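Novice: Below, each chain spelled out in residue letters.
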Amino acid sequence: GESVGLHLPTLSVQEGDNSIINCAYSNSASDYFIWYKQESGKGPQFIIDIRSNMDKRQGQRVTVLLNKTVKHLSLQIAATQPGDSAVYFCAENLPSGFSGGYNKLIFGAGTRLAVHP
Amino acid sequence: ETGVTQSPTHLIKTRGQQVTLRCSSQSGHNTVSWYQQALGQGPQFIFQYYREEENGRGNFPPRFSGLQFPNYSSELNVNALELDDSALYLCASSQQGTQETQYFGPGTRLLVL
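So the protein sequences, as listed, match chains A and B.
Just so we're aligned, residue 1 is where the first sequence starts under this note's numbering, counting upward by one.
Just so we're aligned, residue 1001 is where the second sequence starts under this note's numbering, counting upward by one.
Extracted from the complex, chain A is given alone in its bound form (with noise of 0.2 Å):
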């Protein structure tokens, strides 16, 4: 089928902590995963991505893990701050190849990471 699964709903951390979100995805042959954040009332925000042939990014404060034999993919935030508090989602790109001739994009639910002061 297809479906991005996020295994908690909610997170909540203390400011400061670092933060691990994680996500497992369905397809095998998904080629390109991307996190995205949404904050209420807003549409999703690019935050960072991860081609196939790699199993760790980093950008500012944050780490994308790959392990595709298991198909999971977990977002670290480092020194989780008031402002990281929104909804997660990851999502998996299905080659052209895959899924009828375009590129598609399957997200999952989401995690909320609630950060307290």
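If you're looking for bench data, these hints aren't it; they were derived computationally from the structure.
Owing to the predicted nature of the structure, the values given are computational and were not obtained by experimental measurement.
It is possible that some hints are incorrect.
Cβ-Cβ distance ranges computed for the label pairs, FRET-style [stated by the list, open to error]:
id, chain 1, residue 1, chain 2, residue 2, range
1, B, SER1027, A, LYS42, 16 to 22 Å
2, B, GLN1018, A, LYS68, 43 to 49 Å
3, A, GLU39, B, GLN1096, 27 to 33 Å
4, B, ILE1012, A, LYS42, 17 to 23 Å
5, A, ASN18, B, PRO1070, 44 to 50 Å
6, B, ASP1084, A, LYS68, 33 to 39 Å
7, A, ASP55, B, ALA1080, 46 to 52 Å
8, B, ASN1077, A, GLY83, 45 to 51 Å
9, B, PHE1060, A, GLN14, 40 to 46 Å
10, A, GLU39, B, ASP1084, 22 to 28 Å
Calculated pairs, DMTMM-like style, for lysine to aspartate or glutamate (alpha carbon to alpha carbon, straight line, at most 25 Å) [what the hints assert, rightly or not]:
id, chain 1, residue 1, chain 2, residue 2
11, A, LYS42, B, ASP1085
12, A, LYS56, B, GLU1075
13, A, LYS42, B, GLU1082
The C-beta atom is built at its ideal place from N, Cα and C for all residues, glycine as well.
Based on these hints, arrange chain B on the given structure of chain A.
Specialist: Positioned in the frame of chain A, the structure of chain B alone reads:
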């Protein structure tokens, strides 16, 4: 800011009516994808437009239709609105390729009464 704009921001319609939502893509992007996001859920793919033609569609009925214009802006039309069509409608633009990031607009919140 992504450079993707959508209008209107909010809309209230009654069941059976028709609605048109608009999206302007980010400069340099030639592909627009539309998504429906129900409250508490992830975005669900409706369809994608490239070079003014629909080149991919999700599990949505034909009353959901769209257009893409030569300047790559796009419209989403929904006929015979149903209560379950109430949602946030998102458009995302990208540059057609094998692995291209989609950048989202702020969305249009549609309420069907």
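Novice: Checked against the structure, which of the hints given earlier come out wrong?
Specialist: Hint check: 8, 12 fail, others pass.
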